[in-house]
Amino acid sequence: MQALYAQLLVGLINGSFYALLSLGLAVIFGMLNIINFAHGALYMMGAFVAYFLLNNDYLSIGYWPALIVAPIVVGIFGMILERTMLQWLTGLDHLYGLLLTFGIALIVQGVFQNYFGSSGLPYAIPDQLKGGMNLGFMFLPVYRGWVVVFSLIVCIATWFLIEKTRLGAYLRAATENPTLVRAFGINVPRMITLTYGLGVGLAALAGVLSAPINQVRPLMGADLIIVVFAVVVIGGMGSIMGSIITGFALGVIEGLTKYFYPEASNTVVFVLMVLVLLVKPTGLTGRAA
Amino acid sequence: MADEFILETEGLTKEFAGFFAVRDVTLKVRRGSIHALIGPNGAGKTTCFNLLTKFLKPSAGKILYKGQDITAMAPADVARMGLVRSFQISAVFPHMTALENVRVALQRQQGSSFDFWRSKSVLNRFNERARELLNDVGLSEFANTPAVEMPYGRKRALEIATTLALDPEMMLLDEPMAGMGHEDIDKIAALIKRISAKYTILMVEHNLSVVANLSDIITVLTRGQVLAQGHYSELTKDERVKEAYLGAGHG
Amino acid sequence: QDKTIKVGVLTDNSGLYADLGGPGSTLAAQMAIEDSGLAAKGWKVDLISADHQNKPDIGTAIARQWIDVEKIDVFMDVLNSGVALAVNNVVREKNAILIDTGAATSDLTNAQCSPNTIHWVYDTYMLANSTGQALVKAGGDTWYFLTADYAFGHALERDTAAVVVKSGGKVIGSVKHPLNTADFSSFLLQAQASKAKIIGMANAGGDTTNTIKQAAEFGIVAGGQKLAGLLLFITDVHALGLKVAQGLNFTETFYWDLNDGTRAFSKRFSERMKNKAMPSMVQAGVYSGLIHYFKTLEALGGNPHDGAKVVAKMKEMPTDDPLFGQGTIRADGRKLHPAYLFEVKKPEESKGPWDYYKLIGTTPADQAFRPLSDSACPLVKK
Amino acid sequence: MAETATAEAPPKPAAGGNILQVRNLEAWYGESHILHGINFDVNAGEVVTLLGRNGAGKTTTLKSIMGIIGKRTGSVKFNNEDIIRATSDKIARMGIAFCPEERGIFSSLDVRENLLLPPVVRAGGLPLEQIFDLFPNLKERLNSQGTKLSGGEQQMLAIARILRTGASFLMLDEPTEGLAPVIIQQIGHTIARLKKEGFTILLVEQNFRFASTVADRYYVVEHGKIIDGFANADLAANMDKLHTYLGV
Amino acid sequence: MTVLTDDTLPATPRAVRDEMIVFAVMALLLAAVPFSGLYPFFVMQALCFALLACAFNLLIGYGGLLSFGHAMFLGTAGYCSAHALKVWALPPELGILVGIAGAFVLSIVTGYISIRRQGIYFSMITLALSQLLYFIYLQAPFTHGEDGIQGIPQGHMFGVFDLSKPTVLYYVVLVGFLAGFLLIYRIINSPFGEVLKSIRENEQRAISLGYRTDQYKFLAFVLSGTLAGFAGALKVFVAQNASLTDVHWSMSGEVVLMTLVGGLGTIFGPVVGAFAIIAMQQYLAGFGQWVTVIQGSIFVICVLTFRRGVVGEIAHYFRRSL
Ligand SMILES: Nc1ncnc2c1ncn2[C@@H]1O[C@H](COP(=O)(O)OP(=O)(O)OP(=O)(O)O)[C@@H](O)[C@H]1O
Ligand SMILES: Nc1ncnc2c1ncn2[C@@H]1O[C@H](COP(=O)(O)OP(=O)(O)OP(=O)(O)O)[C@@H](O)[C@H]1O
Ligand SMILES: [Mg+2]
Ligand SMILES: [Mg+2]
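Residue numbers (my numbering), protein chains in the order written: chain A, -10 to 278; chain B, 2 to 252; chain C, 5 to 386; chain D, 79 to 326; chain E, 484 to 805.
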C-alpha cells in the first residue's frame, strides 16, 4: 500500500513535465493551429541552454537564472522560426506545419548531436535543492517536490492568461480567422509570433527543469513528443485546461502502470487515448476538429 | 391520414443545455404543397430542419413521414426515403464539375456505389439524365465547370438539381434565395414553382415577396413555437405576426 | 594476386549510439589502414562508411548494395543487434566478411553464427558473466534487475541471473521497463524497496544513464545499494560526469589507460577526434579487427575476395595488437580476450578528463566468454 | 452601359468634409484581376451604398479599403492620409470598421467574447446597453458559443461588435442578408441613428428596397469599375438605368 | 479537416489519357531497370514503399482521412508473411496471401474502431492503435522482439520463379507493384471512388443525399490497409527480414512524408515521393552525422517552396491532373 502511495506521488511529478510540455503544445496548436513537432527539440534546447549557463567560463550563472534565461533564449529562437518559416503556413492543413516542424526538429537535433555527441552532458542538481525528505512511505528528493510546485504555478498562470484575459480571446479568434481579427486593429502577426515564443518558452522551461533529472541529450525530446502530443489529444486539441489535467493524470496513470504492468507503461497513454476517443470523439474537453 | 399529409410532427422539441430552440412544434405538411416556414432570426427554423432530416436528435416529440415514424432514423436513411434537404449555406461538392455533382446523386439510387473494381465510365450512363436535370435548372452551359468556379446563384441552382436527381418526394429548402441577386431570385423562384408540381416542398425564406408568391401555406415560428399558420394574406393582417416578424409599417 | 581491399564501416552516425561507434569507428578504421603500412607494400585500401540509422532494413539494403555494387570485402562496427543480425545474413549469403565490434547479442556466435562473421569486442554473455561473477564474489549476493523490455535486455538479465545464481547469489526480483523511458523513479523505488545489495541495470544507452542519474537523486547508492551496469561504455560515464557515476561497477574489454599500447593509440585517436574523445571499446575493436584482417590478407599474399576463406584463415592465426593484446578467434567466430571489471573513480581521484576507471578485476580470455561446450553454433564440432 | 463605364471623374460628392477618397483602385485575387480602377468618394456623415450584381466586386472594394486584399494598387485616402499600403490593423486603428459578408463569428468564443473582441480604437462607440436595445436576441444568448447562434443572430452579432469600437467609419457588407423583415427595419433605424450621431457608413446591399430607406448616395459597380453614381434625390430619375444595371 | 488538395481538377478524358501515358512511361522505365546498371535492390525497396504510399494516398488524398498508423499494416503483413514463410515454410505466393490476410483482418478491426472519429482525432486514434500493436509485437515471442524475424527464405514463386535471383525477384516485385498501383488507380476512378471524393468534398451534403458515409470510409480504410499489407508482404522478400521498424510510428510518419513530397492526392506523387525518400536514405547514408540535418532541411524546403509535392507542382504547372 505504501509503495502505491509512492508510485502515485512519483507519477504526479512526471505528470508535471507532461503538463508543462503539453501545455506549450496546446497553446501553439490552439493559437497557431500548428502541431509543433519541434517541441521536443526545443525542450532539449532548453536543457542545453541551462547547461551552457551552468558550465561556461563566462556565463556560469547557474540554475536559477537559467529558469528565466533559457525560456527567453529558446523563445526568441522560436520566434525567429515563426517569423521566417511557420508564418507562411497560415491557413494550410495541419499536415504542413507538422512536416515543417518535424524538419526543424531533425535539423536542431542533428546539429546538437554533431557538436555534443549523442550520450549527452552532465548537469547536477542545484545545491539549494539537493537532498530529500523521508515521507515515511518514500524518500522524496527535494528537487522533485520543487518541480511539481513550480510547474503547477506555471500551468495555472498560463491557463489564466489564455482563457481569462482579453489576450486569450484575441488569440483564439486569431486562430480561426486571422484576417478579420487583424481588421479589428490587432497586430495579429506579432501576437502570433509572441505566442509561439510563449509556447516554445514553456517547452524550454520544462527542459531546464528536467536537466538535473534526465540526461541532457540531443535526443531527449525526440521520443517524448509523441506522448506529449497524445496528452494534448486526450485533453482535447487546443484546450489548455484539458492538457494540464491530462498531463498530470497521465503521470499518475503511468505511475500505476509502472507498478502493476511496467512493460506497458509507455503504451498506456495510447490505450487511454483510444478509450477516451471512443467515448468522447473530440477528447475530454475538445471542440470539434 | 397519411395520404393527405406527407410529413407530420407531434410535440417536436429540441433543447440545447436549457435553451429551447424548438418547443412543442406540431406541423403538418400537405402532400404536393409548398409550405413555408418563416419566423424571426433564431426562431428555430434551421433547427427544425435539422430535426426533420435527423441531423439533430429531438429531445422530445415524434416525426412521421409518409405515415412512418422516422424519429429514430439515421440521416442517410431519411434521405433514402425521399426526404431531402438543402443547406442554409450552399452545399455543393466544390472540386467536382456540375455534371459530376448531379451524377453523385443519381448514382446513389443505382446501387453501384460500392463498386470499387469497376471503371467509373459505367457512370456515363447517368450523363444524359444529369444533363437533363442541369438543363431544367438552367445550368446546361456549366456542365463541365467545377462547382467552385460557379457564381453563387448558380451554385444554389446546382444544389437543387442535385436534390432533384434523387427523385425525392419531399424537399426541404433552407433559405434558397439567401445572398442572391434579383435575377437569380426570379429564376430560382420559377424553378421552385415548376418542381412543386411534382414534389412537396417545405422551405425557409426571409424574402417576403418570394414567400408570398410561392407558398400555399405559411407557418410562423417564434421562439421555437408555432405562432400562427395560414395564407400570406391572412398572416399579414395578424398583429402578432406583424410584431414578431414583419415589423411595423407592413401589410 | 589482387591487392585491393575495400572496407566498409556500417554504423550509427546520427542516432543514439553515434558516440560509441559513429565517426569514431571510421576514424579507427582509417588509423588501422594507415598503421598497417599496406599502402607502402603496394596494396590499395579503400574505406567507406554509412549510417544504418539503427534500422535493420536500411542496414540490409546498404549491405547488399555495398557488396554488389561497391564490392566491399569487410564490414566493420555494425552496432545494434537487430541490424547486426540482418547484415550477418546478407554477408553470409554473399560470402563477404563481417567483423562486428558493436553489437551486443551473443547470438552472432551462437545460434546464428556464420563462417563469414567474427564477433570482436564483447557480447551479452561475457558482460553478464564477468560482472555477475565478480560482484557476487565481492559480496553482492542479492540482486534486483532493472531490465529494458526487449530481447537484448531479457538476454542480459537471463544470462546475468544465471551467473549470479551459479556463483552463489540470489535474484530477489526484477522489473521490466519499456525502451527509452525518461523517468525511472518508479522502478528505482521498487528496486530500493527490494533491499537487494546490487541493482543490475540490464539496459543500455540513455536508459542506463538516466537510471544512474536518478538513482543518485533518490539516494540509492548513498543508501548502501550498489549499481551494476551490465552494458555501459566510457562515453556514458563521460556523459554522466563522475559526480553522478562514481562507484559504478561494470565490464569492458578495452580502456584507453590500460597500458602503454592503449595509451599511445588513444592519444593519437583523441587528437584526431572532433571533441577530443577517447576511443570506446567499439571503436578500438574496429582498429584491432582490421589490423588482424590486414595481417591475414598479407599472409594470404593477396585478397581472394572470398569471405569464408579469409575468415577461416583469420581463425587460424593468433591475434596480436596493442589494444586488445594477444588473443585468438574461435571456431564459432568469437574473438577471445580478457574482460576487465572497472569501478568508476570518485571525482577527487580523477586526474583529468577521461581519467575515469579503476581496474578491480580481470577475467582471463578463456573464462570470459561462453564456453564452446554450451554453444548452439553449428560450426562447432562436438 | 459601356459608355457610362468610361466616366473618368467620379460623380461629385455633396458638400461636407471628404472622408474617404478612392482613386484608381485595382485589386487581384492571386492571378485574377478583380477591380479595374474604382473611383469614388464618401463624405463625412453620409451613408453611401454600393450596388451591383453578384460578383461585380463590391465586397472586394470594401476589403481593399480595409487592407485585407493582398495585391492592390491605386490610392485610398482616409482623412487625407493614403492608406493603400497600410496593414489592416493600422487601418482599423485609424477608425475604419468592417463587418464582413460572411459574418466572421468566432466559434471558439462565446457570444460575449465575440461582442467584446474588437478593441476600442477611440471613444464614442455605442455602450453595451444600447447595443442590447438594438439586438435583444444577443442579450439572451450571451453565453452560448458564437457559431451556435442562428444565421440571423450571427449577423446581428457581427454588426453589434463593431458599433462598440468607436470607429466612426463603418463598412457594412450586406448587413440584411438572411434577416427577418422586422430586424431589417431595426437595422435601418440603427443606421439612421448612427448617421445622426456622426458615423459615416459605406454600405453594400443587394436589397435595394432597404438601401433606398437609408442611403444618401449610390454607386453602381460592374466588372470591377464604378459605372454610375447618383444621389438618393435623383433615384426616381435613375430607376430605369438601375433596372438594367441590376437586372431587377 | 480541410481539403488538402485545393486544386484538384475534375477528371476529364484528357486527364485520363495523360495518366495512361505517364503510367506507360513509368512501367517501361521500371521494367528497364535491370538493364540500366541501376541497383535493382534499391528500386525494389522503393517499389514496396511506393505501393505503401499509394495505398496511404488512397485514404488521405481521395478519402480525406489522414492515417497516422499505416505502418501497422505494413508491419503486420510483414510479420505474417515472414512467419508463414519461415516457420510454416509456405511457398511465396501463399506467404504473400497470409500477409495480405493479416492486414485485411487488422484493417477491419482498426477501421471499425477509428472510422467514426473526425479529422485530427482520426489520425490520432490510428496512431494510438498502431502503438498498441507495436507493443504487442514487441512482447509477442513470434516476432523475436527487436531482433526481428531474420533470414527469411525467398523460395520459388508458383514453384517456378526463383526469387533468390535478383532479376526474377525484381520482376515479381514490379508486377506486384504495378498490379497494386492499377488497382488503386481503378478504385480512385470507380463509382466508389466518385462517392468517396464527394464525401471528402462535403460530407454533410453526401449524407443528405442518402449516403451512409461511414460505410464508404470504412471500405476505403480496409482497401487502403489491405493494399498497404500487400506492400508489406512484398517487402519481406526484398529485405528478407521483418522487424519492429516497420511497425514503428516513425515509419507511419515516413509514409506521410513520401506522399507529401511526391504530391498528396496525385496519382503518381506517392511513387515519386517514395523513390525520393528512399534514395535520400540510401545516398545520404554516407554523409555521416549530417544525415538528419540534411533530411530535415529537405523537408523544410519542401514545405516552404513546393508544397504541392513534386508531381503536384508539375501537374499544377501544366494544369493537368497526374
Ligand atoms: N447547437 C446549438 N447549440 C446551442 N444553441 C443552438 C444550437 N443551434 C441553434 N441554437 C440556438 O437555437 C435557436 C434557433 O436557431 P435556428 O438556427 O434554428 O434559427 P433560425 O430560425 O434558423 O434563424 P435564422 O433565420 O436566423 O437562420 C437560436 O437562438 C440558436 O442560437
Ligand atoms: N477568394 C477569391 N479568389 C478568387 N476570386 C474571388 C475570390 N473572392 C471573390 N472572387 C471573385 O471576385 C469577383 C468579385 O467578387 P466580390 O465578392 O467582390 O463580388 P460582390 O460584388 O461582393 O458579389 P456578391 O453580391 O455576390 O457578394 C467575383 O467574380 C468572384 O468570383
Ligand atoms: Mg436558419
Ligand atoms: Mg459581396
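These aren't lab readings, by the way, just hints derived from the structure by calculation. We treat Cβ as the ideally placed atom computed from N, Cα and C, and that holds for glycine. Just to be clear, a hint being listed does not mean it is correct.
Here are some chain D residues the structure puts well away from chain B; computed CB gaps all over 10 Å [claimed, not checked]:
#, residue
1, 99
2, 102
3, 161
4, 229
5, 233
6, 305
So, partial list: chain B residues that the calculated Cβ filter (under 8 Å) puts toward chain D [unchecked claim]:
#, residue
7, 12
8, 47
9, 144
10, 147
11, 150
12, 152
13, 247
These are the hints, each one checked on the structure:
1. 99: Consistent with the label, residue 99 of chain D stays out of reach of chain B, its closest Cβ about 28 Å off (over 10 Å).
2. 102: Residue 102 of chain D clear of chain B: closest Cβ-Cβ about 26 Å, beyond 10 Å.
3. 161: holds, 29 Å
4. 229: Incorrect as stated: the minimum Cβ-Cβ distance to chain B is 6 Å, not above 10 Å.
5. 233: violated, 7 Å
6. 305: holds, 16 Å
7. 12: Constraint on residue 12 of chain B not satisfied, violated at 22 Å.
8. 47: Holds - the Cβ of residue 47 of chain B comes within 8 Å of chain D, reaching about 6 Å at its closest.
9. 144: violated, 20 Å
10. 147: Since the shortest Cβ distance to chain D is 15 Å, the answer is violated.
11. 150: This interface hint is violated because 11 Å lies over the 8 Å limit.
12. 152: At about 5 Å, which falls below the 8 Å cut-off, the nearest Cβ of chain D leaves the hint on residue 152 of chain B intact, so it holds.
13. 247: holds, 5 Å
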